[in-house]
Amino acid sequence: MSMIINGLPAEVPLDPRVSLLDFLRDDLRLHGTKKGCDQGACGACTVLADGERILSCLALAVQYEGRSVTTIEGVGTATELHQLQQAFIEHDGFQCGYCTPGQICSAIGMAEEIRRGVPSHVTDDLDAPTMPFCAEEIRERMSGNLCRCGAHNGIVEAIAATFAALPEAEAAE
Amino acid sequence: MSIAKDPKGLIQGAAQGLMAKAVALAPDAWVPGGVPDPLIGRQHGHVGRAVSRIDGPLKVSGTARFAAEFPMEHMVFAAILFSTIAKGRIVTLETARAQAAQGVVEVMTHRNAPRLSPPPVFMSNPKAAGGDNLPVMQDDRIHWNGQPVAVVLAETQEQANHAASLIEATYETEPAITAFDEARSHARPAEFMGEPLHDEKGKAETALSTSAVRIDATYRTPRHNHNAIELHAVTVAWQDGVLRLHDASQLVSHTAWSLGQIFGIPEDKVLVTSPYVGGGFGGKCMWQHHVLAAAAAKLCGRPVRLVLSREGVYRLVGGRSLTEQQVSLGADADGRLKALIHRGLTAKTPSNVMPEPFILASRSTYAAEAIELDVHSVELDLLANTFMRAPGESVGTFALESAMDELAEALALDPIELRIRNEPDVDPLSGLPFSSRRIVDAWRAGAEAFGWSRRSPTPGSRREGEWLVGMGCATGTYPYYRMPGGAARLTLTPRGASVGIAAHEMGMGTATAQVQVTAERLGLPIDAVDFHYGDSRLPGTVLAGGSQQTAAIGAAVIAAHRLLIKELFDIVGNDSPLAGIKPDDVACRDAGLCVRDDPERHETYASILARAGRASIEVTGEGPLPLELMHWSMHSHAAMFCEVKVNAITGEPRVTRFLGSFDCGRILNPKTAASQFRGGIIMGLGLALMEETQVDERNGRVMNPSLSEYHVPVHMDVPEIDVIWTDIPDPHTPMGARGIGEIGITGTAAAVANAIYNATGKRVRDLPITLDKLL
Amino acid sequence: MTPLRYARAADAQDAVLQAQAGARFLGGGTNLVDLMRETIERPEALVDVSGLANGIEESRDGGVLIGAATRNTAVAAHPVVRKRYPVLARAILSGASAQIRNMATTGGNLLQRTRCAYFYDEEGSRCNKRHPGQGCDAREGFNRNHAILGASSACVAVHPSDMAVALAALDAVVHTRTSQGERQIAVTDLHRLPGDRPDIETMLEPDELITAIALPPALPRSTYRKVRDRSSYAFALVSVAGAVQVEGGRVLDVRLALGGVAHRPWRARRAEDILRGGAADRAAFAAAADAELAEACALSDNGFKIELARRTIIAVLEELTGERP
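Chains as they are written, first to last, in UniProt numbering: chain A, 1 to 173; chain B, 1 to 775; chain C, 1 to 325.
Hints are computed from structural coordinates only; laboratory data are not their basis. Nothing here was measured: the structure is a model prediction, and the numbers come from that model. For glycine and all other residues, C-beta sits at the position ideal for the given N, C-alpha and C. Warning: the hint list may mix true and false statements.
[Said to hold, decoys possible] FRET-style restraints, in silico, Cβ to Cβ:
| id | chain 1 | residue 1 | chain 2 | residue 2 | range |
| --- | --- | --- | --- | --- | --- |
| 1 | A | A135 | B | A50 | 20 to 28 Å |
| 2 | B | G264 | A | E112 | 54 to 62 Å |
| 3 | B | S456 | A | A135 | 22 to 30 Å |
| 4 | B | R454 | C | D281 | 30 to 38 Å |
| 5 | B | Q138 | C | A7 | 43 to 51 Å |
[To be verified] Only part of the chain A face toward chain C is listed, based on derived beta-carbon distances under 8 Å:
| id | residue |
| --- | --- |
| 6 | R17 |
| 7 | L55 |
| 8 | L60 |
| 9 | S106 |
| 10 | M110 |
| 11 | E112 |
| 12 | L126 |
| 13 | T130 |
| 14 | P132 |
| 15 | R141 |
| 16 | S143 |
The task is simple: from the sequences and hints, build the whole structure.
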């Protein structure tokens, strides 16, 4: 029984109670994915499962057997940062840094959702062929990721600066 | 000199007034800050530059390691069982099933826990870190609903959690006071930091009764929790007689000393490190989980990781207490305050020393002719409350500044003009001169940037579709603090310098700003300076609280720098271009020393060290006692502006624009400072609109111990927040800076409430302002 | 969390067989895993049905059939749902967070349990839903979020789902399967009122698996409005799902359901009866709302919900019958 974590196979834990979050942190020592509530209320544990953002605290690891999971460690490293990570530094999209990996993974998943045309609660026209990539959409779509330090403005700026530069997003503007 | 070694004695002495009076009257030059920090004059260097956080790459890549992320050999995982009664005693505690459950290593209860001394409660000693002084798992007594009664240690977290659920506890309950109204008649005068929370100037009641215009209203604020996103966690081991803690802490040295007291060992046998802290806000001090983890590690002889559940954080880490505040303002027809009365009630517990000091802001904000301020507090059988971002000012300014808005309306006067008319020349209570006070500049710049002139003074007069739109403003204020105990180690090598101080980086940007400051002070490039912090072995006893770290570190580094120059001169020798110069006549620049008036006479540190055959110089300097606080009235201010819309159908309040205009002395790093200001404001938006810790008054139990039921602002609640600042240095503080971590939360709730009044004509005096209050 | 066994269902039949042997169905896990961690749910075995019927098909009658394991995001993003059932898309998108919507299944969303704080406090509070006969601490406690319609002395909890409110307004039908065979249940009949057994929340048998949700053809205009304490990521204080067909200023047909007010998605049939055939104007809307809320009953903290529901019903009807923007 295995799953792919950041491109590498990993054996799924024997105890089915183990959440994907604890599996990553305690078994694989991938501590970049954070535990902020363990109850699906803060978003700090956000990872990408086959490219879709999910909460690893509400996922039993066994459920993700055969799936491909990307964590912050698979997004970029301290010496080779993803451009979104670089933008978080540039726009000061964090203070303590604890919610940050979740914010970044969530934003990557969000950008893909917008590219696929998934609407949000604040989308006026549900039928529109492309979704707008504006600050209000980012705020709504990122609302599952709490930040208590109050770096919200910087986070939204970093996301807008990164994905507004991509061709799909430009087309959606 | 004995008083100098005992800061508590100093504070008490000050309270008696003798020393305070002497310091107040002393010449400026005798007082710290009397001679301006030379850095204030350096305008084009590292200080004031928008440097990105030096720990950024580690944080955005998830490689910054937090307290729960230090695996240890043979480590066990802990889970806690909490009491379900408020007061009484444990009758039975059935642990056999838990003990027998798979993977369980040990179950610790009051029956087998190591014998411990009670925690030293805050302010009982300069290094005391305890939120309360209750014994930790030493007997069968229950003091609050949610008190830990058992700790399970197991090979995995799942096994520990499950086993904890198998423990059955029964209790004998005793009458507990858990309802605020029930305790009201037992209110007593409150003290804060050893001083009474009571001030009088003139006869305020008499002045009020003869005032032309009067406002008299009662404001209420509920309990709050810090809700840092990182769960409180500690990884603990006993290694060769040393208690080793990987902690999430805003007071490592205090924690080391306090745990030493509890376990009966010297403080240097306790090692606390805390390189990263996932948010603090006053909540990451020492609570029972530290003691329980260390005791459990001792009991089972293995390292222990204890991560509180989110519910666990609410059960054993205190938050802000509730307040009921009455504000009476009397003014003449021109709006000049004749009387300012601010008094009321808060709640604490029998085992702590923290009444929410909501009158602090009212001491220095307005030039009222007569002032009466008072806090009474009651004692409830609850978890001890504690400091939370701007204790006192955060909720006190809600009352004071709402009342000022009500007064402005009664006077038909612009609320900004009302505030400017009551601007004091000297501190209204102490009579001390202000070190620097440019709030009027902040008001004018803020009003201009926000477009205040577009506000209609008539409530309910602007509607956009379903939405009523309004603007409000309020004063925010927070004092400059510097606590005793600051000390820093400065190490100079041919490659650069490093600073070591037992301070903390919880996201405030401390490490980044202090690297900038130190680089500027030493004339080094930023990447030639390291900053070491978050380690109890480092010098200094520095609380990351009271927005005082910048000043405490700054003063300690100034002292260390002075020693460093002296040491350099001891080895400079006769072949140096600096030969024959006095230490007072040199400056640091271009990685070396030069003659201040003749910069061409220069020698690099590397050259000085090489000639003397030294690899490095290391000095440790101690900051002077913070006598400046008795010599000047030292406060930061903010002019807060808010625009809200309130749905006319559903009552939903939404903040659409916010601007904070700050007068906080010199800004060391505009990038991280802006984030601090915004962060405070956003917590203030939560305070205004949604935050409340719900304690069921029937049994004292927190009923919303989760981030889904305790609402903090989400992205969608946070508009773009403008922050601007005067950037006028305070001539009497290190670097000309005053702390900025807390002021953002002050004034914000009142600005929101005043905007809501302007939008709807509804004056809400009970926080949070939820939609049901606006229907 | 209690030790447990886990298995993936090969198909619906396999899932039902495992459930017969005592396993609980596990969908996206967004509610059940949380409740297991709180020890409110203590299943000994889980059968994972999140990999079963997953997809959306248009049916011959002009409706849509949604596989029970289809994720919430996929339903809300489906072009047919967005075009013909905006009430459903909007209800889903107003719920939880994007991450949770990516995990949660349609069947699982319907079977969410209440967020009543006293229900969640397994160790410290009494709850008839967890332990029938134990008592209810919510009734005299914090009950601002609680029911104003259909509550009982035993339970005042509300159903938390937004999606279910839209489905109730759409006359959706749940397709289920047990070892005895298959059946269809109207969503409006799926959830029970609490009565004296609030622990029994639906009319499903323990081994009864939701396999699909069928939507009949929709009325031409529909929407969902959710009122909550923060702008996003919060449960509804009151929500209204509405669908109407108006011609010549008269209401030809209408569907209305309320969320956040009762133990189940509250289909507002009294209001519908008053509206149907009548004038599409504010007075009629107000009369309909008043009729629906006539028997509403407030607790100590939630009286505002009655007025809020009234206003929101009227606003939704006005929006649906007004000029298109």
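Verification of the supplied hints:
Judged by the Cβ atoms, the range 20 to 28 Å given for A135 of chain A and A50 of chain B holds: they are separated by roughly 21 Å. Range check, G264 of chain B to E112 of chain A: Cβ separation about 57 Å, and the 54 to 62 Å hint holds. Range check, S456 of chain B to A135 of chain A: Cβ separation about 27 Å, and the 22 to 30 Å hint holds. The hint said 30 to 38 Å for the Cβ distance between R454 of chain B and D281 of chain C, and at roughly 36 Å that hint holds.
Between Q138 of chain B and A7 of chain C the C-beta distance comes to about 47 Å, which sits within the given range of 43 to 51 Å. For R17 of chain A, the suggested interface contact is upheld, since its CB lies about 5 Å from the closest CB of chain C, less than 8 Å. At a threshold of 8 Å, the smallest CB-CB gap from L55 of chain A to chain C is about 5 Å, leaving the interface hint in force. Proximity of L60 of chain A to chain C holds as hinted, the smallest CB-CB distance being about 6 Å (cut-off 8 Å).
For S106 of chain A, the interface hint holds, since its Cβ comes within 8 Å of a Cβ in chain C; the closest pair sits about 7 Å apart. Given hint, M110 of chain A at the interface with chain C, holds; its Cβ is 7 Å from that chain's nearest Cβ, closer than 8 Å. Annotation: interface hint on E112 of chain A violated; nearest CB of chain C at approximately 11 Å, more than 8 Å. Of the supplied interface hints, the one on L126 of chain A holds, with its beta-carbon coming within about 4 Å of a beta-carbon of chain C, less than 8 Å.
Hint on T130 of chain A is violated. Least Cβ distance to chain C is approximately 13 Å, over the 8 Å limit. Hint status for P132 of chain A relative to chain C: violated, with the closest Cβ pair at about 15 Å, above 8 Å. Interface hint at R141 of chain A: satisfied, since its Cβ lies 6 Å from the closest Cβ of chain C, which is below the 8 Å cut-off. With its C-beta approaching chain C no nearer than about 4 Å, S143 of chain A sits inside the 8 Å limit, and its interface hint holds.
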